[in-house]
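There are 4 protein chains.
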Amino acid sequence: MSTKIDIILKKKLRNPVLIAGLPGIGLVGKIAVDYLVSELKPKPILFAKVYSDSFPPAVHAKNSILEIIHDELYIYSSKTRDYLFLVGPVQPALGNVPNSQDHYEFSESISSFAKKIGVKEIYTFAGLNIGDQRMKAKPKVACVTSDEKTKANFEKKKITNVYFDKDNKDTLISGIAGLLPGVAYQNNKISGICLMGETDSKLTYGDPASAKEILEITLKLFPDLKLDLKSILESAKKIEESFSKMAKDIEKMNQPPKDETPTRNNYIR
Amino acid sequence: MSTKIDIILKKKLRNPVLIAGLPGIGLVGKIAVDYLVSELKPKPILFAKVYSDSFPPAVHAKNSILEIIHDELYIYSSKTRDYLFLVGPVQPALGNVPNSQDHYEFSESISSFAKKIGVKEIYTFAGLNIGDQRMKAKPKVACVTSDEKTKANFEKKKITNVYFDKDNKDTLISGIAGLLPGVAYQNNKISGICLMGETDSKLTYGDPASAKEILEITLKLFPDLKLDLKSILESAKKIEESFSKMAKDIEKMNQPPKDETPTRNNYIR
Amino acid sequence: MSTKIDIILKKKLRNPVLIAGLPGIGLVGKIAVDYLVSELKPKPILFAKVYSDSFPPAVHAKNSILEIIHDELYIYSSKTRDYLFLVGPVQPALGNVPNSQDHYEFSESISSFAKKIGVKEIYTFAGLNIGDQRMKAKPKVACVTSDEKTKANFEKKKITNVYFDKDNKDTLISGIAGLLPGVAYQNNKISGICLMGETDSKLTYGDPASAKEILEITLKLFPDLKLDLKSILESAKKIEESFSKMAKDIEKMNQPPKDETPTRNNYIR
Amino acid sequence: MSTKIDIILKKKLRNPVLIAGLPGIGLVGKIAVDYLVSELKPKPILFAKVYSDSFPPAVHAKNSILEIIHDELYIYSSKTRDYLFLVGPVQPALGNVPNSQDHYEFSESISSFAKKIGVKEIYTFAGLNIGDQRMKAKPKVACVTSDEKTKANFEKKKITNVYFDKDNKDTLISGIAGLLPGVAYQNNKISGICLMGETDSKLTYGDPASAKEILEITLKLFPDLKLDLKSILESAKKIEESFSKMAKDIEKMNQPPKDETPTRNNYIR
Numbered sequence: 001m002s003t004k005i006d007i008i009l010k011k012k013l014r015n016p017v018l019i020a021g022l023p024g025i026g027l028v029g030k031i032a033v034d035y036l037v038s039e040l041k042p043k044p045i046l047f048a049k050v051y052s053d054s055f056p057p058a059v060h061a062k063n064s065i066l067e068i069i070h071d072e073l074y075i076y077s078s079k080t081r082d083y084l085f086l087v088g089p090v091q092p093a094l095g096n097v098p099n100s101q102d103h104y105e106f107s108e109s110i111s112s113f114a115k116k117i118g119v120k121e122i123y124t125f126a127g128l129n130i131g132d133q134r135m136k137a138k139p140k141v142a143c144v145t146s147d148e149k150t151k152a153n154f155e156k157k158k159i160t161n162v163y164f165d166k167d168n169k170d171t172l173i174s175g176i177a178g179l180l181p182g183v184a185y186q187n188n189k190i191s192g193i194c195l196m197g198e199t200d201s202k203l204t205y206g207d208p209a210s211a212k213e214i215l216e217i218t219l220k221l222f223p224d225l226k227l228d229l230k231s232i233l234e235s236a237k238k239i240e241e242s243f244s245k246m247a248k249d250i251e252k253m254n255q256p257p258k259d260e261t262p263t264r265n266n267y268i269r
Numbered sequence: 001m002s003t004k005i006d007i008i009l010k011k012k013l014r015n016p017v018l019i020a021g022l023p024g025i026g027l028v029g030k031i032a033v034d035y036l037v038s039e040l041k042p043k044p045i046l047f048a049k050v051y052s053d054s055f056p057p058a059v060h061a062k063n064s065i066l067e068i069i070h071d072e073l074y075i076y077s078s079k080t081r082d083y084l085f086l087v088g089p090v091q092p093a094l095g096n097v098p099n100s101q102d103h104y105e106f107s108e109s110i111s112s113f114a115k116k117i118g119v120k121e122i123y124t125f126a127g128l129n130i131g132d133q134r135m136k137a138k139p140k141v142a143c144v145t146s147d148e149k150t151k152a153n154f155e156k157k158k159i160t161n162v163y164f165d166k167d168n169k170d171t172l173i174s175g176i177a178g179l180l181p182g183v184a185y186q187n188n189k190i191s192g193i194c195l196m197g198e199t200d201s202k203l204t205y206g207d208p209a210s211a212k213e214i215l216e217i218t219l220k221l222f223p224d225l226k227l228d229l230k231s232i233l234e235s236a237k238k239i240e241e242s243f244s245k246m247a248k249d250i251e252k253m254n255q256p257p258k259d260e261t262p263t264r265n266n267y268i269r
Numbered sequence: 001m002s003t004k005i006d007i008i009l010k011k012k013l014r015n016p017v018l019i020a021g022l023p024g025i026g027l028v029g030k031i032a033v034d035y036l037v038s039e040l041k042p043k044p045i046l047f048a049k050v051y052s053d054s055f056p057p058a059v060h061a062k063n064s065i066l067e068i069i070h071d072e073l074y075i076y077s078s079k080t081r082d083y084l085f086l087v088g089p090v091q092p093a094l095g096n097v098p099n100s101q102d103h104y105e106f107s108e109s110i111s112s113f114a115k116k117i118g119v120k121e122i123y124t125f126a127g128l129n130i131g132d133q134r135m136k137a138k139p140k141v142a143c144v145t146s147d148e149k150t151k152a153n154f155e156k157k158k159i160t161n162v163y164f165d166k167d168n169k170d171t172l173i174s175g176i177a178g179l180l181p182g183v184a185y186q187n188n189k190i191s192g193i194c195l196m197g198e199t200d201s202k203l204t205y206g207d208p209a210s211a212k213e214i215l216e217i218t219l220k221l222f223p224d225l226k227l228d229l230k231s232i233l234e235s236a237k238k239i240e241e242s243f244s245k246m247a248k249d250i251e252k253m254n255q256p257p258k259d260e261t262p263t264r265n266n267y268i269r
Numbered sequence: 001m002s003t004k005i006d007i008i009l010k011k012k013l014r015n016p017v018l019i020a021g022l023p024g025i026g027l028v029g030k031i032a033v034d035y036l037v038s039e040l041k042p043k044p045i046l047f048a049k050v051y052s053d054s055f056p057p058a059v060h061a062k063n064s065i066l067e068i069i070h071d072e073l074y075i076y077s078s079k080t081r082d083y084l085f086l087v088g089p090v091q092p093a094l095g096n097v098p099n100s101q102d103h104y105e106f107s108e109s110i111s112s113f114a115k116k117i118g119v120k121e122i123y124t125f126a127g128l129n130i131g132d133q134r135m136k137a138k139p140k141v142a143c144v145t146s147d148e149k150t151k152a153n154f155e156k157k158k159i160t161n162v163y164f165d166k167d168n169k170d171t172l173i174s175g176i177a178g179l180l181p182g183v184a185y186q187n188n189k190i191s192g193i194c195l196m197g198e199t200d201s202k203l204t205y206g207d208p209a210s211a212k213e214i215l216e217i218t219l220k221l222f223p224d225l226k227l228d229l230k231s232i233l234e235s236a237k238k239i240e241e242s243f244s245k246m247a248k249d250i251e252k253m254n255q256p257p258k259d260e261t262p263t264r265n266n267y268i269r
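Residue numbers (this note's numbering), protein chains in the order written: chain A, 1 to 269; chain B, 1 to 269; chain C, 1 to 269; chain D, 1 to 269.
If you are wondering where the hints come from, they were derived from the structure by calculation, not from laboratory data.
Treat each hint with caution, since some may be false.
Same chains, same label: a pair holds when it works inside one copy or across any pair of copies.
As the list claims (entries may be wrong) - Lysine-lysine pairs mimicking BS3-like chemistry, simulated, CA-CA at most 30 angstroms apart: (1) LYS4 / LYS116; (2) LYS11 / LYS156; (3) LYS157 / LYS237; (4) LYS49 / LYS116; (5) LYS202 / LYS238; (6) LYS12 / LYS189; (7) LYS166 / LYS62.
Using the sequences and the hints, build the whole thing.
See the structure below:
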């Protein structure tokens with residue numbers, strides 16, 4: 001089967017942009033794009049379902065109706081263009097087991113589907129693990145792009161709270177957040193932007209405060225998206241409060257927890 | 001090779017229903033369908049053998065004759081229709097290693113074979129891990145279906161001790177018990193019902209008491225199946241007795257064993 | 001690549017029998033067939049090399065010349081027939097990771113090659129883990145066959161120290177020792193016999209005493225094989241001596257090591 | 001996708017030799033060939049990029065531009081011939097999980113590409129784990145070759161500090177360093193030489209002193225390569241100093257760390 005995309009809604013798209021947020025570090029990307037799908041008005045409509053035999057061999061049951069695990073593409077039409085949101089509970093499994101092929105195949109399938117329906121820009125939202133540093137300041141958002149031209153265009157927009165790494169250091173971005181724009185640019189010449197909200201990988205239940213930062217940038221990038229951030233602001237506030245409490249608690253202790261180093265290496269192995 | 005089904009008995013089937021019970025949590029599904037195969041009168045006949053190169057690379061030897069590991073389909077003919085029972089020692093391995101393809105391929109093979117021989121309904125029997133709660137009451141049976149129509153038809157039968165989850169919670173069903181009806185409905189429009197007997201995943205030697213509950217429901221669903229439940233009732237009683245003894249022993253202790261949380265998550269990763 | 005067999009020696013074979021001994025429990029099968037290859041006179045000749053991309057991704061270097069890891073088929077010609085010995089450092093990896101496909105593909109390749117060159121009988125030699133029981137008596141040899149006729153023929157030979165399991169218990173034989181005769185019979189109607197010397201799986205450096213028992217049976221089965229067992233008898237004696245010493249040491253202790261249960265299960269999972 | 005080689009520079013090659021140094025034990029091979037690419041004058045030019053879906057599913061970002069993980073082939077043209085250097089951050093993952101196919105496929109792809117562009121000799125540089133022995137002397141370089149003729153030609157050059165194993169022991173060389181020359185000779189009759197600098201596998205940050213020894217041999221083998229070794233000599237000196245300090249520290253201790261045995265086995269399993 002590999003990856004299969006079932007179109008639910010037949011529709012000619014106007015200058016579509018694809019924004020993907022699948023589970024990953026701190027669930028940052030997932031929370032951000034899920035929020036867009038649930039809070040935009042009118043509510044985005046299911047456009048396609050994405051199945052893959054590299055997803056877990058399991059079904060979801062909701063109200064006792066079962067459904068094969070899949071991701072979904074939602075469509076939101078503003079006055080000028082169409083937005084596609086790729087959301088869902090899974091991406092091919094990351095782990096210490098080599099199953100790279102699954103990831104490449106998934107990215108290639110999404111990318112060639114995007115090409116076919118006219119997508120010229122892909123955004124992926126994700127988390128960037130900065131370990132315990134996360135507790136000490138408002139999370140910033142790191143940006144990497146598929147190419148210099150896309151980077152220059154982005155920089156022109158002068159958006160605050162986003163930064164580009166300027167040194168020559170190698171950053172490693174694992175999973176679909178990096179691979180999808182990488183493959184989309186290389187195979188299909190689709191320009192790609194990956195926005196990564198700083199987070200702490202220990203936040204396995206999700207970091208809405210980091211997701212909120214990405215959403216604020218999203219609203220600046222796409223002024224025709226109108227979004228009420230109230231609800232995510234509340235979740236974010238709770239996280240920040242528990243952080244500041246934790247930070248104080250930790251200060252009192254002699255042995256702070258070891259800093260989990262962010263995922264930056266020069267050599268992969 | 002992938003999955004290969006060798007038909008042993010050539011026979012035109014009358015309105016066949018497929019009932020699958022392969023090893024899983026508490027061995028509930030396996031015990032239930034094995035019981036049907038061994039206790040129905042006249043004894044069900046071997047209809048087909050199911051081989052797969054995703055099964056363990058091993059052979060069984062019985063009376064010193066070896067045979068490649070395989071599952072089996074047995075047939076039982078009542079006056080009005082044919083029953084097919086899928087039983088055996090294995091399903092593709094579940095683990096923390098991504099081998100999802102094996103599961104999808106296996107489900108697709110069984111499903112398209114079922115379609116070909118005229119199956120319009122698939123039942124899968126399995127266990128549902130409720131942890132230590134298992135000890136405290138007679139196990140109930142959870143039901144999920146492939147679609148609303150199948151669910152409505154089932155509900156009309158007013159069978160006791162079966163429940164449908166009514167909330168909006170996601171339940172995750174791993175392995176063939178969920179994937180087979182999921183794939184069969186999606187690929188072949190076969191309606192599917194998964195009956196899950198409540199059990200405790202620590203019961204690795206099997207939970208006949210939970211299997212018995214499924215069998216009682218089975219007899220109500222299919223009145224032309226006549227089955228003596230005496231023998232499984234005895235096994236079930238033993239399990240229940242050792243449970244109630246355990247429960248008392250545990251009450252006396254200060255530190256009860258940690259409750260193993262049932263397999264329900266909102267996010268898979 | 002999968003499995004590839006490079007024939008080194010072109011030769012028409014006379015009623016060939018294939019005897020396989022690859023690494024496994026106690027290295028019993030490997031030691032026995034390696035001994036045949038090194039001690040038969042005249043020395044068996046290299047007949048073919050067996051490569052597979054399921055073997056470890058590594059090379060052997062001997063005298064600083066490297067060679068891709070492979071197994072080998074040696075040929076020994078008696079007056080009446082040809083013997084093929086399958087030996088080598090590897091079989092597809094067994095482990096807790098599902099790679100069953102590699103094992104099936106390997107067995108199918110060997111089996112269809114055997115068919116092509118006229119093999120009508122396959123013997124596999126292996127170890128049977130009986131845990132600490134191994135220390136207490138001379139190892140016996142268990143025999144399983146591909147079919148009743150082969151079993152009956154074998155039994156007629158009244159060979160001592162070999163036994164057939166007569167009960168209805170399921171024995172599980174993992175790896176090529178079981179799978180090769182299983183596949184060869186099912187796919188190519190080649191009759192198969194698996195001889196398993198009792199051993200202790202903790203003997204990771206090999207159990208020559210158990211291999212010796214298989215060799216003695218081999219000489220009775222094939223009277224035209226003349227083999228000096230002196231050298232393996234010496235190795236076997238050393239193993240037995242260290243066992244009897246160990247046994248005495250253990251007797252003195254209060255807490256004997258736990259018996260590792262032999263690989264017999266009724267349910268695989 | 002498997003392995004894909006994108007040629008960047010179209011050029012007819014003159015008697016090309018391929019020298020590969022990918023990550024492995026002590027990073028010895030990688031450090032050596034990376035050094036050639038960065039220090040040769042004029043600087044070697046990017047000739048091709050090597051992608052593979054068996055590489056990690058991740059992208060690198062440098063100056064915030066992302067790129068799919070890949071290895072690279074650089075070209076250096078001396079007066080008489082062309083040198084190709086295979087460098088990069090990855091080779092297919094080694095681990096305790098069977099993914100042998102990835103390694104074979106990668107080696108076969110590189111080998112058949114090399115054949116196509118006229119390569120008749122392949123060198124691979126790597127580390128040889130000798131455990132704590134590494135601390136006690138200047139690292140020597142072990143050499144294995146694809147065939148006797150290549151070995152004889154190499155020996156004629158009377159290069160110091162290189163040794164051939166003369167005993168009959170099996171040495172096991174894992175990964176591309178061994179498999180590439182193995183496959184290249186077997187499939188494409190390309191002669192191969194693997195140079196392995198002695199190192200300690202615990203040196204996960206790299207052993208430039210061992211790499212330096214390989215580079216000195218490289219300069220003797222290819223006199224038209226002119227290379228300033230000053231910078232690697234400095235790194236090497238630092239490693240050696242910290243070693244000699246460590247050695248003294250350890251001498252003072254009663255319990256020296258256990259010697260990690262070098263990767264030499266007779267049986268793989």
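Copy assignment of LYS202 with LYS238, given that the CA separation must stay at most 30 angstroms = within (16 angstroms within a copy, 37 angstroms between copies)
Are the CA atoms of LYS157 and LYS237 at most 30 angstroms apart within a copy, between copies, both, or neither?
-> Classified as within; 28 angstroms inside a copy, 49 angstroms across copies.
At 30 angstroms max between alpha carbons, let me know whether LYS166 reaches LYS62 within a copy, between copies, both or neither.
-> between (47 angstroms within a copy, 8 angstroms between copies)
Can you tell me if LYS11 and LYS156 fall within 30 angstroms by alpha carbon in one copy, between copies, both or neither?
-> neither (33 angstroms within a copy, 39 angstroms between copies)
Intra/inter-copy verdict for LYS4 and LYS116 if alpha-carbon distance must be at most 30 angstroms = For LYS4 and LYS116, the Cα distance is within 30 angstroms both inside one copy (14 angstroms) and across copies (23 angstroms).
30 angstroms Cα cut-off: does LYS49 pair with LYS116 within a copy, between copies, both or neither?
-> both (16 angstroms within a copy, 27 angstroms between copies)
Homomeric proximity label, LYS12 with LYS189: Cα distance no greater than 30 angstroms | both (21 angstroms within a copy, 29 angstroms between copies)
Taken one by one, the earlier hints fail for this structure only at number 2.
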